Amino acid sequence: MAYPHHLAAGGAGRAGIRAGRRAALRRRRLCHPGGLRVGVHPCRVRLARQRAGLSKQELAQRTGVSTRTVTTWESEGAPPSRAEGLAAATMVPVSFLQRHPVEEVAEEAVFFRARRRSPARLRHVATALGALGTDFYAEVTQHFRLPALDLPEGAVLAAQPGPSAPLSLTEAQEAARELRTVWGLGELPAPNLVQLAEAHGVRVLGLPRAQRDVDAFSFWGADGCPYIFLARHKTAERSRFDLAHEIGHLVLHGGVTRTDERTDRVVEAEAHAFAGELLLPRAAVRAVLGRSPSLHAVLGLKERFGTSAVAAARAAWDAGCLSEWEYRQMSAQLASRGFSTGEPGSRLGYEQSRVYRTVLDWLRQRGQSVPQWARSIGQHPDDVAAFMLGQALSLVPG
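Note that the numbering used here gives residue 208 to position 208 of the sequence shown, counting from 1, and the numbers run on in steps of one.
Just to be clear, a hint being listed does not mean it is correct.
Calculated lysine to aspartate or glutamate pairs in the EDC-like style (CA-CA distance at most 16 Å, straight line) [to be verified]: (1) K234 / D264; (2) K56 / E74; (3) K234 / D213.
Computed Cβ-Cβ distance ranges for the label pairs, DEER-style [claimed, not checked]: (4) S81 / W362: 31 to 39 Å; (5) A269 / W325: 43 to 51 Å; (6) Q142 / S81: 51 to 59 Å; (7) P189 / G338: 35 to 43 Å; (8) G184 / E103: 52 to 60 Å; (9) V182 / H233: 30 to 38 Å; (10) P79 / D150: 45 to 53 Å.
To be clear, the hints were calculated from the coordinates, so they are not data collected in a lab.
Quick caveat, the model's predicted, so the values are computed rather than measured.
Backbone N, C-alpha and C fix where the C-beta goes; we use that ideal spot for every residue, glycine too.
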């Protein structure tokens, strides 16, 4: 799936036509005469601040300057003499601030789980991590050839800007069935969903444990690739559902404009319906359970398809296997056994990435630890460990 290959070294190409004296002056301040950047690019200042969860005023206090100066740094760049102070204030390596500009991620382009309940500051942290995660993945693609994007045609069209009409929940479920067909699942349980998504060109990354108020988010990157970021503070079963939910957003909602709470509610319901059908297709649920299944049978469905017990019971109701009264009774039974907050007795572990396993093997062969590699590419070691879904262990001290 991921194979090492050799790429000729190359720069970013010639700069475009200069856009006015102000932009030209900013470039001269930040670059040597020969074009080598020596200052801190505006977006690097902003990303460092947002990643640390700081306001401009808070960063100003930490660096001993005015808020207006921080605003200037974020629009025109910071002088090289400020790099070490900024790094200390925002807890990033100095190399983070010395790297090339990063394509920033607009909040409007991102689908957050529980987006409305997340404070603006946390959303800023998440979008900063999104930008840094795409930059990290660009480093991965410099060394490995990854699978091409393989989503239904409608998903690629949905990724284009423009209005998108609301879908019925039935249409969202039909889209999930189409994806199952395209990915060769039929009515079988979905295997390792992280690796399945990777095998079809979806880029899956983790989130630092500190971001406990953001379950997951997704977006289409400026490179035309779909990205999903997952937190892992919930059960493995619910993490699978979060991943399926974000795949739903990528397939259904790339062109949606999220301007009000109603829109958020609509797209969340659509992605929820998509995820349910992707993990627990109705035809399979009916075939496995039949009519009026027991709690034991529903728990067996949960184990077989790798979902939460609550999701399995809901799928049984949606598929017509349980009446409304039976569903309510079963939900009460599940709650009394602790399934509303966890998955008692579950043996399902968090799914691992094949891409990151390959990267770790490559680092081992080079005799390089993950922290060493992270610093060499201008990333915080903790961020890289999180992006790699917790699979990154220190291979060589350092």
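Checked hints:
Taken as a hint, the K234 and D264 pair is broken in the structure, with Cα atoms around 22 Å apart against an allowance of 16 Å. For the proposed pair K56 and E74, the alpha carbon gap of about 9 Å is at most 16 Å, so the pair holds. Straight-line distance between C-alpha atoms of K234 and D213 comes to about 11 Å, which keeps the hinted pair within the 16 Å bound. Roughly 37 Å separates the CB atoms of S81 and W362, a value that falls within the hinted 31 to 39 Å.
A hinted range of 43 to 51 Å is violated for the C-beta pair A269 and W325, which are about 24 Å apart. Here the CB-CB span from Q142 to S81 is close to 31 Å, at odds with the stated 51 to 59 Å. Here the CB-CB span from P189 to G338 is close to 24 Å, at odds with the stated 35 to 43 Å. Taking 52 to 60 Å as the suggested C-beta distance range, the pair G184 and E103 does not conform, at roughly 33 Å.
As the Cβ distance of V182 to H233 is approximately 31 Å, the hint placing it in 30 to 38 Å holds. With their beta carbons about 46 Å apart, P79 and D150 fall inside the hinted range of 45 to 53 Å.
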